[in-house]
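Build the full structure now, drawing on both the sequences and the hints.
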Amino acid sequence: MSDIGDLIQEEAAGEAEFTVESGSPALDGNVREAPILYRLIGESRFRLVRNNKFELIFVHLTEDWMRQAKVDLSGLDLARGLNVRLTWGEKEDTLSVKAASEAGYRTAVAVQMDN
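Be aware that the sequence shown starts at 0, since it is given in numbering that gives the first Met the number 0, and climbs by one per residue.
Check before you lean on any hint, since a few could be wrong.
Ranges of calculated distance between the beta carbons of each label pair, as one might list FRET restraints [stated by the list, open to error]:
#, residue 1, residue 2, range
1, W64, N29, 18 to 28 Å
2, I40, A102, 11 to 21 Å
3, D71, P24, 16 to 26 Å
4, N50, E91, 29 to 39 Å
5, V30, D2, 17 to 27 Å
6, V30, R79, 12 to 22 Å
7, E62, A99, 29 to 39 Å
8, S43, E16, 17 to 27 Å
9, N114, N29, 33 to 43 Å
10, P24, D76, 35 to 45 Å
11, E91, I40, 24 to 34 Å
12, T61, G22, 19 to 29 Å
13, A11, D113, 32 to 42 Å
14, T61, A102, 26 to 36 Å
With a straight-line Cα cutoff of 30 Å, these simulated DSS-like cross-link-like pairs (lysine-lysine) come out [to be verified]:
#, residue 1, residue 2
15, K97, K52
16, K97, K69
17, K90, K69
18, K90, K52
19, K52, K69
Hints in this document: simulated from the structure, not taken from any laboratory.
Just so we're clear, the structure is a prediction, and the values are computed from it rather than from any experiment.
Note that beta-carbon positions come from the ideal geometry of N, C-alpha and C, so glycine has one too.
Spelled out as structure tokens, the structure:
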């Protein structure tokens, strides 16, 4: 399997879509924290991690600001994996997720904090 971070090829704007497979540490509630991707490209850092509260967090960091989007994964049927879509651009970043058994995505728009 290739590194999920390699899906991020553009710094200014882009989209990455992938599946976190069932059995991954990111979907295991017994694992305290699970990094999914980290990518440094140009002046930007991108990070996706599942924290100890079972939330998926997408962080996009530049010298001027940080954007963060968060989605609670508890209550999702993750037995067949989790579909993830990340988007980033000049005006906003989003994190969208859906269990393989769901029809539609749940989307969180990132909050921006200036440095």
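Verification of the hints:
no., hint, verdict
1, W64 with N29: 18 to 28 Å, "35 Å, violated"
2, I40 with A102: 11 to 21 Å, "33 Å, violated"
3, D71 with P24: 16 to 26 Å, "18 Å, holds"
4, N50 with E91: 29 to 39 Å, "22 Å, violated"
5, V30 with D2: 17 to 27 Å, "19 Å, holds"
6, V30 with R79: 12 to 22 Å, "19 Å, holds"
7, E62 with A99: 29 to 39 Å, "38 Å, holds"
8, S43 with E16: 17 to 27 Å, "19 Å, holds"
9, N114 with N29: 33 to 43 Å, "35 Å, holds"
10, P24 with D76: 35 to 45 Å, "18 Å, violated"
11, E91 with I40: 24 to 34 Å, "18 Å, violated"
12, T61 with G22: 19 to 29 Å, "34 Å, violated"
13, A11 with D113: 32 to 42 Å, "18 Å, violated"
14, T61 with A102: 26 to 36 Å, "35 Å, holds"
15, K97 with K52, "18 Å, holds"
16, K97 with K69, "13 Å, holds"
17, K90 with K69, "17 Å, holds"
18, K90 with K52, "28 Å, holds"
19, K52 with K69, "11 Å, holds"
Of the numbered hints listed earlier, those contradicted by the structure are 1, 2, 4, 10, 11, 12, 13.
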